Amino acid sequence: MDPERWRKVESIFNEVLDAGESRESVLKESCAGDDALRSEVESLLAEHERAGAFIETPAFAAASATGPGASAPQALDAETANQIGVAANGTNGLIGRYRILRKIGSGGMGAVFEAEDTRLRRRVALKFLPEEFAEDTQWVKRFRAEARAASALNHAHICTIYEIDEIEGRLFISMELLEGQTLKETIAGKPLEVNTIFELGVQVAAALDAAHSKGIVHRDIKPANIFVTAQRQIKVLDFGIAKLAKRDGLDADSDLTVSTLDHRTKTGIVLGSPGYMSPEQVRGEAADHRSDIFAFGAVLYEMLTGRRAFEKPTAVESMAAILNGEPPGLSQTGPGAPLGLLRVVQRCLEKDPARRFQSASDLGLALRALRESGASAAVVVPQRPRLRWLRWTAAGALAAVGLAAGIFWFFSRRPTILGEKDTVMLGDFENRTGDSVFDGTLRQGLAVQLEQSPFLSLISDDRIQQVLRMMGQPADARLTPAVAREVCERSAGAAVLDGSIAQIGSQYLLTLTAVNCASGESVASTEAQASDKNHVLDALGKTASEMRNKLGESLSTVQKFDTPLEEATTPSLEALKAYTAGWKVATTVDSASALPLYQRAIEIDPQFAMAHAMLGRMYGDTGESALAAQSTKRAYEFRNRASDRERFFIVASYDAVVTGDLQRAGQTCEAWEQTYPRDVNAHAFLSGMIYPVLGEYEKAVEEGKRSVEADPDAEFTYYNLALSYMSLDSLQEAENTLKRADERKLQSPEYLIARYQVAFLRSDKAGMDRVAALAMNVPGVQDTVSAQQAFALAYSGHLQQARAMSQRSTDLAQQSGQRERAAQLEAGSAVREGFFGDIAAATQSAAATVKLSTGKDGQYGAAFAFALAGDNSDAQTLADDLERRFPEDTEVRFNYVPAVRALVALNQSDPAKAIELLRVNLPYDLGEPSSADVGFYGLLYPIYVRGEADLALHKGVEAVTEFQKILDHPGIVVNDPVGALARLQLGRAYAMTGDTAKAKAAYEDFLTLWKDADPNIPIFIRAKSEYAKLR
Amino acid sequence: MGESDGEITQLLQAWRGGDEQALEKLTPQVYRELHKAARRAMSREREGHTLQPTALISELYLRLSDLRPVEWQNRAHFFALCARQMRRILTDLARTHRSEKRGGGAIAVPLDEAPEVASRSPAEAIAVDDALKALALVDERKSKVVELRFFGGLSVEETAEVLKVSPETVARDWRLAKAWLLREMKGEAHGS
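Residue numbers (my numbering), protein chains in the order written: chain A, 1 to 1031; chain B, 1 to 192.
Among these hints, one or two may not hold up.
Unchecked claim - Here are some, though not all, of the chain A residues that point toward chain B, as calculated from beta-carbon distances under 7 angstroms:
| id | residue |
| --- | --- |
| 1 | F13 |
| 2 | L44 |
| 3 | E47 |
| 4 | A53 |
| 5 | I55 |
| 6 | P58 |
| 7 | Y162 |
| 8 | T229 |
| 9 | Q231 |
Simulated from the structure, these hints should not be mistaken for laboratory data.
Quick caveat, the model's predicted, so the values are computed rather than measured.
Every residue, glycine too, gets a C-beta built ideally from N, C-alpha and C.
Produce the complete structure using the sequences and hints provided.
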């Protein structure tokens, strides 16, 4: 055969075998009409099928390697025939069509023989079930059914069942003959290497997945039922039937099965324990595939530690441990045990099936992801999300602005990094001298030594204790390398220093190793010798100095890296890839473009909590708060699948976005920032989403400063800070903040909004125009800048132009498919028309708003506009609906609904009730609700309505106070219509108090502002007529 | 140890020092040693002891070489060399055995026959050896894989190391080679 042809044969042969169930189609496709080729491949495939144990045993090897627990080969003598319980057929040793070659094992299910199937000419393993089994016809029926189902499993890692039959009334199974040993023998009480665990574990998971997907549950996964062939191929034995073979009394322990010789054969008593049963199995409840996952977790634990997960002296104690206990030392299995793997084991061993991996394929993905990430990191998520969440919604699409600087986007295995602010964790010294004087003292000495360093900062003992508690460890737990590393990761530290001391004769040897706590790689090590005990501290000082040097050197050469491993979020590498890509797109392109990537991540791993959270965030950025709430809610449901830090993020988002309970969100954020002081997100939440709504601008500025400090390269922090300064009327500080962002070459379309508003507040017409012109080229912000222009125009009574601008703004949002954003922009128009007195226009816009979206901000705007237009019924309906849908929402409860209802009460000539309704708003009356973020309306409306109620009650003085309050806070109001109208209302209020001069001044103030106003605006006409009457 | 031990040790050291030819010069010595070891092992087998080829070769290697710990790569190459010798030894032994036992040679050996090493495996070994020669003409590497695995008793990883390919490649080669050999052997049995 020519080489090319042979290569073709080879490649098709391999392809077909790797194709699994789709063999036929692969064969057909690859051979494509070449019959000779096909027949060549098929003949090889046929041989492959019957190859069995052919030459698997090396030529020289004794036959002893042929089977698990094999004994010396035997002919089918009388004894064997007796064991099987059948008569050997004639002299040729045939039983049925099988020629028994030798006995290779025995176990709870009976004897196992190597045999030749004379008809199919292949070697097989024959298991004969004990006679007692056959007596129970019900059981036999069930056994046959199970075995038949299992025999349909055709998988590389499942031992194939060829046949179930009986000979002379004896039930037997004919199955694939294997060579190698069981996993139990492989482990043999010693931990396996991590790479081996991955190699074998992935195969077991694949086998489970294949069986589970066919509805077959093993029910008795344990090392003795997992076979490792000479080629290190896993073969899972006895699917579906192992447990069936254990009827009461016959095999009460779970340790004996078909293919293994076990304790019982040696000791004559049952020693086994139900060490691999799941809690639900122990309780005698129905066990589904997740029981296999639990059992597999116990097996992984055993591979990792060499010990049984639930090893106890008695079966009862084992069962108790399964129900209530944790396997010992899951978090401190030694430096070789990667944290990620431990987490996988923990997750498998969850008592509640719903909290385990929900499928073996998930589990397999987790193992593969771990293996691919260098076996050390679980999954790596960038620590500092460079999200732009602004005031939750304000962000629009980001034009491709240059954000190249400082974008994190990496997976794993990046080099170590110690930066100026990186912290170092000190582990306890391993004291191999046996002299207790060194316990604790060396660590302390090292701490003193290292703290002299200007650039090394140590994770404080307070912090360590706090983290240990979070890890469920006592505060004084020994800081073994594994524990120290976890503490380090959880504290976002960069490296762990592990030390050891050993005695060699009269000398002492001290070693220090710095380990990158994210990757587990050793980044530096030093050692020093002390001639005697008295010189140990000297040596310690020397080695510490040397370590400082080494770390210092590496400081300058390595790049920034602080991705704590703790941020484990998904077991799927694929999902993580999509997630990370989403991140990159969100930070470099825009939030809208990142949406499909996060959606993809969720498709792959539907329980990927952080992907849901980020999807929610992206929706929020694009103004789709309803969708944002939906995704955030999903994230909250899966919040247990996230790190502590991520959970803070998710829970805070949930309260900020779903329930709207900002008090609770604030509490979460406060705990969050205490735990992770350097996490920019906690500060950003407080400064951008919580304090402004509560009207606590000083605090917002404080948090804004901290967020900028925590991440000077996050552009949204500057935006939030600038807005907070603006709200405090510190325009200069607001401008300086934006300038600082500029200096750092940070750009964000939202900066244009802030700049426009500052220019507006400075009455800088040229500045406003400049920003508007800039915005023309920035897609994501055109609609909102247009809306700003509309509000600015309306502020001076240019209603016709404002309407045109608003129309443009709403159209732009609609064109980009952002319905909720469009709704909020439409609501802005509705409210404005209501204030200005065009009832028809207000009603029309309000109705259009409701049609566009049911988002709460838009709906509030519509309700308020209906109320302004005198449509009490629609206003009430919408308010009721808001109250029903957002019962815990701070804005809805304390701002939106009271304002709408108060307005309705006013319409019903019940101003006292209006005042009463607005009482709940008093603590937050200066707050900026989220309706102001995109729609730019809703600013200080409760105050405005209260002023109107005061007027209706003829309380001029009180009314003056309210309207003056609005005028005193231009930085909050900016260009909301109430800013202009408050002047007129102030005039009315003064007129009521009898202070005509002040009333006149106020009216004039308004009329000056509206000197070029469109003449036919109802409120303008009224204002002029009232002013005329004042004279 | 025999009188050639000194020379063998010298050759091993030269080889370890980078002299590739030294390995080839080792061949006759290694053959002699393995042959002795094989006979010894077979007698042990009769007493109920077993010995794997790898163990055999390791034992030999360690005995011959005073260099410990043994470097993995050198070990692998030494094993490869041994595998070739083992193939010769085993097929020679089996052929002798067969000629002594008229009517033998079939792969399936009656169950009441003497120990496996003396019966089934060598019989199989001859058939495999013949088929392997044919395979070498079609696919040299696959025949190498079988030689190393079946005659040398090398693991997949060790084979991969010797052949400088990945373990996956070895596993695939092994799979196809087995099928090919089985077909070849069947063809021979039918006289085609």
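Evaluated hints:
A hinted interface residue such as A:F13 counts as satisfied when its beta carbon comes closer than 7 angstroms to some beta carbon of chain B; here the least separation is about 6 angstroms, so the hint holds. About 4 angstroms separates the beta-carbon of A:L44 from the nearest beta-carbon of chain B, less than 7 angstroms, and the hint is met. Checking A:E47 against chain B: minimum C-beta separation of about 4 angstroms stays under 7 angstroms; hint holds. Nearest Cβ of chain B to the Cβ of A:A53: about 10 angstroms, over the 7 angstroms cut. The hint is violated.
The interface hint given for A:I55 is met, as the beta carbon of that residue sits about 5 angstroms from the closest beta carbon of chain B, less than 7 angstroms. Taking 7 angstroms as the C-beta contact cut-off toward chain B, the hint placing A:P58 at the interface holds, the least distance being around 4 angstroms. Taking 7 angstroms as the C-beta cut-off, the interface hint given for A:Y162 is violated, the closest approach to chain B being about 18 angstroms. The beta carbon of A:T229 is not positioned within 7 angstroms of any beta carbon in chain B (closest approach about 10 angstroms), and the interface hint is therefore violated.
Residue-level restraint check for A:Q231 holds (minimum Cβ-Cβ distance to chain B is 6 angstroms; threshold 7 angstroms).
The structure is inconsistent with the numbered hints 4, 7, 8, although it conforms to all the rest.
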